[in-house]
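These protein sequence lines map, in sequence, to chains C and A.
Numbering of the first sequence is given in my numbering, commencing with residue 14 and proceeding in unit increments.
Numbering of the second sequence is given in my numbering, commencing with residue 102 and proceeding in unit increments.
Any given hint could turn out to be false.
Under the rule of at most 20 Å between Cα atoms (straight-line distance), these lysine to any residue pairs were calculated in the SDA-like manner [said to hold, decoys possible]:
1) A:265 - A:232
2) C:64 - A:156
3) C:64 - A:265
4) C:64 - A:165
5) C:64 - A:166
6) C:64 - A:157
Think of the hints as simulated: they come from the structure by calculation, not from any bench.
Quick caveat: nothing in here was measured; it's all calculated off a predicted structure.
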Amino acid sequence: MDTSDDIAARALYDELVGNCAADLFAMAYRLSGQREVAEDLVQEAFTEAWKSLPALRDRTRARAWLMQILRFRWLHWLRARSTRPVEKAGLDLVEDRAAPRADPAAPPMSDAVQEALDSLDERFRSPFLMVFLQGMSCQEVARELDIPLGTVLSRLHRARAALRRLLPARSAEPPGTAPLRLVRRDGERP
Amino acid sequence: MADAALTPPGDPQRERVEAEVALAGPWAEQLWLEILASDEHLRVALRQVRPPPGLLERLRAVPDSAPPSARPPMASLLSRPRAGTRIVAGVLVLVLIGVMAWHRVASRAEDERRLHTVALLAMQDHMHEADMVVRAADPARLSLELSRLVEFTVRLPEMGRGLKLLGGRPCHLGSHRVALTLWSGGDRISSLYQFDPGELGIERPDRPVVVRPHGPVAGRTPCEVLFWSEAGASYALVSRPAHGS
Chain C
14 MDTSDDIAAR ALYDELVGNC AADLFAMAYR LSGQREVAED LVQEAFTEAW KSLPALRDRT
74 RARAWLMQIL RFRWLHWLRA RSTRPVEKAG LDLVEDRAAP RADPAAPPMS DAVQEALDSL
134 DERFRSPFLM VFLQGMSCQE VARELDIPLG TVLSRLHRAR AALRRLLPAR SAEPPGTAPL
194 RLVRRDGERP
Chain A
102 MADAALTPPG DPQRERVEAE VALAGPWAEQ LWLEILASDE HLRVALRQVR PPPGLLERLR
162 AVPDSAPPSA RPPMASLLSR PRAGTRIVAG VLVLVLIGVM AWHRVASRAE DERRLHTVAL
222 LAMQDHMHEA DMVVRAADPA RLSLELSRLV EFTVRLPEMG RGLKLLGGRP CHLGSHRVAL
282 TLWSGGDRIS SLYQFDPGEL GIERPDRPVV VRPHGPVAGR TPCEVLFWSE AGASYALVSR
342 PAHGS
């Protein structure tokens with residue numbers, strides 16, 4: 014028979030899944046570029062979270078805690094599969110990654126973003142995702158990665174520049190939306 | 102500027118930059134807004150990831166396969182000692198409230214930053230764009246024509262007496278398509294934007310929220326932007342005097 018401890022733990026765990034699983038999957042996918050790998054990472058992260066639930070002392074940091082577990086799982090995965098050092102030199106090197114399996118239902122921009130992310134070195138990709146996807150502040154990222162704030166800002170700057178360069182220009186009005194009539198606000202036609 | 106755009110509204114670095122932008126004039130304000138819009142574009146695109154079907158169910162099954170020795174003791178998480186089955190329900194309620202509270206705290210700062218950015222983009226559009234693609238005073242007709250143009254269902258809310266519908270057009274806030282309708286009332290022109298908050302990456306504003314963006318836009322006094330949701334649609338309303346600022 015389940016004890017009250019078991020019931021409370023299960024309730025907390027289920028809430029974590031409901032509130033964080035989608036965000037964790039998004040982060041895992043953006044890190045790995047592969048949906049199957051992303052699901053494995055998320056599964057491992059939540060398994061570890063279930064086993065480590067007593068370590069979560071501050072519930073306001075639950076999402077950040079889960080993201081940290083995910084990131085550790087990601088680095089472990091990188092080390093396990095790579096025969097080269099994780100740290101690479103230079104922004105322009107393309108990592109040895111399997112071709113990402115795109116989600117056919119995803120918006121085109123999502124695929125373009127993933128392709129752009131895949132071209133980034135891990136040193137630039139992680140801080141960028143921690144700020145732009147996870148919503149961390151630059152100071153938090155610096156503490157988390159144990160690197161100077163200036164280094165975080167520099168890596169963010171380069172990652173943003175690379176992504177903006179690689180992403181397609183934001184679309185103008187798509188076909189089919191040409192004005193029927195163009196009317197000035199005062200009601201007179203131009 | 103780019104570094105300051107990463108900080109939340111009210112941050113000292115951001116306020117310094119916004120003050121300098123205001124002094125520099127419209128060209129700097131335009132650049133600032135482009136940086137904000139570009140960052141929002143990236144943030145929203147990053148979130149456009151669909152979890153695989155059944156993921157949540159598989160994750161919820163994890164504890165079922167965890168061996169008994171792996172089940173964590175919850176004593177360190179509970180604020181009161183076990184005292185029998187009569188308080189189990191109370192404990193559960195506390196846990197659930199606590200979890201809901203952390204979720205709100207964790208997401209509120211990010212949503213505030215995002216609402217602020219969307220408000221700035223809406224203000225910029227309101228200040229600079231005056232054309233209408235469809236001129237119609239009939240809400241039903243305008244909704245129908247705009248729905249065809251923006252490719253989502255446009256629903257116009259009850260705007261109250263004294264506000265007259267002028268027309269509308271498809272519009273972009275950042276890089277995201279929204280439906281804009283223009284309204285006049287007294288000496289004010291109002292722009293009403295209908296958007297999909299999920300696409301823009303902000304929580305659905307179920308309670309009305311007024312955002313007063315920091316820093317002037319295009320040299321003019323900033324407006325207030327009202328966000329709210331009703332009948333399954335979400336809106337942002339910006340208004341200013343009809344003639345000049």
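* Straight-line alpha-carbon gap residue 64 of chain C to residue 156 of chain A, limit 20 Å -> Status holds; Cα separation ~19 Å.
* Pair hint outcome, residue 64 of chain C versus residue 165 of chain A [Cα-Cα no greater than 20 Å] -> holds, 12 Å
* Agreement of residue 64 of chain C and residue 157 of chain A with the hint, judged by alpha carbon distance not exceeding 20 Å -> holds, 18 Å
* Asked: residue 265 of chain A and residue 232 of chain A: Cα distance at most 20 Å?
  -> Holds, at roughly 16 Å.
* Can the restraint linking residue 64 of chain C and residue 265 of chain A be considered satisfied, given a maximum Cα separation of 20 Å? -> violated, 60 Å
* residue 64 of chain C and residue 166 of chain A: Cα distance at most 20 Å? -> holds, 11 Å
Against the hints set out earlier in the document, a violation occurs for number 3 only.
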